[in-house]
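Given the coordinates of chain Y, assemble chain A onto it according to the supplied hints.
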Amino acid sequence: MSPLRHVATQPQENTFHRSESSTSSEGTDEREDGLGALPRRPPLSTSLTSGAASSANTSLFGLLSSVNTPSPMATPPAGYQTPNSTGKPTLTAHNLTGLGDSSLSYKNIKDDVYQGIDELLDELDQVDEQIAAYALDHIHSNEIILTHTSSQTVQKFLLTAAKKRKFTVVHAEAFPNDHDDTHATIMTGRKGADEESDTNDFFKPLTAAGITVILIPDSAIFAIMSRVNKVILATHTVLANGGLVAAAGARMIAKAAKMHQTPVVVVSGVYKLSPVYPFDVEELIEYGDAGKVVGYDEGDLVEKIDVINPLFDYVPADLVDLYITNLGGHAPSYLYRIVADHYRVEDINL
Amino acid sequence: MSSYVVCGSNARCVTMLLAFKSAILAYTTPPSTSLARHLTSHYLSPQIEYLKSCRPISISMGNAIRWLKDYIIKIDPSVPDSEAKTSICSTIDTFIRERIIIADTAIAATASSKIRDGDVVLTYVKSSIVQQTLLTAHAAGTRFRVIVVDSKPLFEGKNLARHLAHSGLNVTYSLVSAAAHAVKDATKVFLGAHAMMSNGRLYSRVGTAIVAMLAHERDIPVIVLCESLKFTDRVALDSIVTNEVAPPDELLPSAGPATALGQSSQAGQASIVRWKDVPNLQLLNVLYDVTPAEYIKMVVTEYGSLPPSSVPVVHRISTERDVR
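If you read the sequences in order, they're chains Y and A.
Position 111 of the first sequence, counted from 1, bears residue number 111 in full-length UniProt numbering, the numbering being contiguous throughout.
Position 124 of the second sequence, counted from 1, bears residue number 124 in full-length UniProt numbering, the numbering being contiguous throughout.
Just so you know, not all the hints are guaranteed correct.
Unchecked claim - Below, in silico cross-link-like pairs of lysine to aspartate or glutamate (EDC-like), each with a Cα-Cα straight-line distance of 20 Å or less:
| no. | chain 1 | residue 1 | chain 2 | residue 2 |
| --- | --- | --- | --- | --- |
| 1 | A | K184 | Y | D280 |
| 2 | A | K188 | Y | D289 |
| 3 | A | K184 | Y | D318 |
| 4 | Y | K164 | Y | D137 |
| 5 | A | K184 | Y | D297 |
| 6 | Y | K258 | A | E294 |
| 7 | Y | K304 | A | E294 |
| 8 | A | K158 | Y | E298 |
| 9 | Y | K230 | A | E83 |
| 10 | A | K158 | Y | D280 |
| 11 | A | K158 | Y | D297 |
To be verified - Residues from chain Y shown here face chain A by an in silico Cβ test under 8 Å; the list is partial:
| no. | residue |
| --- | --- |
| 12 | V213 |
| 13 | S219 |
| 14 | I221 |
| 15 | F222 |
Said to hold, decoys possible - Take a look, some chain Y residues computed to stay more than 12 Å from chain A by CB distance:
| no. | residue |
| --- | --- |
| 16 | Q152 |
| 17 | H179 |
| 18 | A208 |
| 19 | K292 |
| 20 | N309 |
| 21 | Y336 |
Read the hints as simulated data drawn from the structure, not as lab findings.
C-beta: ideal position from N, C-alpha, C; glycine also.
Chain Y on its own, in the form it takes in the complex (with noise of 0.2 Å):
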């Protein structure tokens, strides 16, 4: 088997696009049939825009293109080395130019990408209960835990271990991007005000589990870290050096907790890992609304004053001690195998 053909042709699987990542992803994949286990994941773009619904179209874009440029290295990082087991015909340069006559290949190729697609809503939707699976196992009874912006991953966590613990929660609310998010969550349990009913009990508050929740605003974070025992937080994205590009504020919370020998724990699923390593830090944060900050109504002030509102903080991987992601708990130091076993090389340019 040629390495070309390895390389450059399998359909496209994992165009994902409930998150905010940019849908765009070029390595073709294959996974292997027996395993299926690990779905690839496009990497997550820096441009945090939400990108548009994606089909088999941009795939099949992302298709074309990769065969143009073939892959330097014949074999992926990691263990992926699939022969071709599907017997799908394979694409190379020269049978693009009739591409439209091989509408056998394009439909294998559509079937292949909705699976790859229904397997990631289905981790999607299970990743929140994998992940508060493991609560039990780091909440204890009568500790004080901090935690950050109105994340649904983190409540499931809490909410899973309050079923068992008594502890008391003090909750930042990450003011201005974030806090009217928070606020809801706190007293319904979810964003916004939707009144769907949905399934009611994995959407209760925490306040209606027996847990003490404590409002604080973001600048108290430093006096109140004294009597943290655990700082919780959710986060973006996962960058695969273990850092965190996460909410404006996290990073003056990990920082502080690091101050005062509090572990700082981050929940996520796999599926927010990103192969990109921070080389440049100000290219992941995303500026939002400077309205916000200051309002549009104090005008004199505003024409007068530079006001910025960073919506992300990047949190470098020394203040992170531990992940807890639907495969278990990890250091921020293993993540990188993580992401080799996601990703494959031509993955991280996009």
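Chain A alone, transformed into the frame defined by chain Y:
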């Protein structure tokens, strides 16, 4: 004071002393006792208690009250009332002038000379002395930029930003959650103080410790500007042992900055304002925090610049001077 109309350690101290002045002028000693004995315990003390019931008094106010009581006790009983009262009022004036106004000028002069061309000065919320320093430096022609980090619920930094911008300074404004970004560009950090503790720790508006920590991480010098009036014998190990808790309803979003998503903020508002109905939910609104001494490089007082470990020494000197 409890509605934050008078806000800030110096402002509250001066206002209190001026109020005392007018109260003392209106005072008459009852015939059976002398001014020195009666004024403090029966006249001033209830006033002080009333002030405390509105809002816990600041360290500078406490020091000023102690000084005033000391002074009154020492008044010669043979001195006629009117003379005693005028002398009290004029000492109060001198006190304000020496310990606050002139001290501020001296501190501003020293600290503003530390600002160089091209500096980026970061400060946290509004401190009157920091404002004065920055304006002094600007008036002297130094070219520098200011970053103001602000916090909810008081948003005092907006006033500082407004003031500085109107004076022509280049101001960048952000909230404390963005502090990690804000310190990236800073070359110096100037902080105001509510009090300096005797173990070298800074007791200041909540969030100051965060800014100091982030600046310390980047080896940016953190300079505290503090009059000796604010030094205290007390020590604090962390922010919980001594603090002021303000009414939690101040944390609720009432007339916050206009958001683009008016809808969702309405919905969020509607639920959180009913927080009292939810059992197990508390809102905590502390006003101050304690910054460890390691994060502070230098404290500038009217006695000069000193490291935070010298705070108890200066406190002794300044109180001995008054006693004399």
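Cross-check of the supplied hints:
1. The suggested pairing of K184/A with D280/Y holds, with an alpha-carbon distance near 14 Å, which does not exceed 20 Å.
2. Between the alpha carbons of K188/A and D289/Y the distance comes to roughly 27 Å, so the proposed pair goes past 20 Å and is violated.
3. Restraint check for K184/A and D318/Y: the C-alpha separation of about 18 Å stays at or below 20 Å, so the hint holds.
4. The straight-line distance between the Cα atoms of K164/Y and D137/Y is roughly 11 Å, inside the 20 Å bound, and the hint therefore holds.
5. For the proposed pair K184/A and D297/Y, the alpha carbon gap of about 29 Å is over 20 Å, so the pair is violated.
6. In summary, the hint linking K258/Y to E294/A is supported, as the alpha carbons are separated by about 15 Å, within the 20 Å threshold.
7. Straight-line distance between C-alpha atoms of K304/Y and E294/A comes to about 35 Å, which puts the hinted pair past the 20 Å bound.
8. With a C-alpha separation of about 10 Å, the suggested pairing of K158/A with E298/Y holds against the 20 Å cut-off.
9. Distance restraint check for K230/Y and E83/A: the Cα-Cα separation of roughly 63 Å exceeds the 20 Å cut-off, and the hinted pair is therefore not satisfied.
10. The straight-line distance between the Cα atoms of K158/A and D280/Y is roughly 31 Å, outside the 20 Å bound, and the hint therefore fails.
11. A C-alpha spacing of about 13 Å is found between K158/A and D297/Y, which places the hinted pair at or below 20 Å, so the restraint holds.
12. With 8 Å as the threshold, the beta carbon of V213/Y comes within range of chain A, its nearest partner Cβ sitting at about 5 Å, so the hint holds.
13. Given hint, S219/Y at the interface with chain A, holds; its Cβ is 3 Å from that chain's nearest Cβ, closer than 8 Å.
14. The restraint placing I221/Y at the interface with chain A holds, with a minimum CB-CB distance near 6 Å, inside the 8 Å limit.
15. The beta carbon of F222/Y is positioned within 8 Å of a beta carbon in chain A (closest approach about 4 Å), and the interface hint is therefore held.
16. At the 12 Å boundary, the C-beta of Q152/Y stays outside the reach of chain A, the nearest C-beta of that chain being 16 Å off.
17. Annotated as non-interface, H179/Y brings its C-beta within 12 Å of a C-beta of chain A; the closest such distance is 7 Å.
18. The non-interface label for A208/Y is inconsistent with chain A: the shortest C-beta to C-beta separation is roughly 8 Å, within 12 Å.
19. Non-interface status of K292/Y relative to chain A is broken: a Cβ of that chain comes within 12 Å, the nearest being about 5 Å off.
20. The beta carbon of N309/Y sits about 7 Å from the closest Cβ of chain A, which is not more than 12 Å, so the claim that it is off the interface is violated.
21. At roughly 24 Å from the closest C-beta of chain A, the C-beta of Y336/Y stays outside 12 Å, upholding its exclusion from the interface.
Figure legend: structure checked against the earlier numbered hints; hints not met, in rising order: 2, 5, 7, 9, 10, 17, 18, 19, 20.
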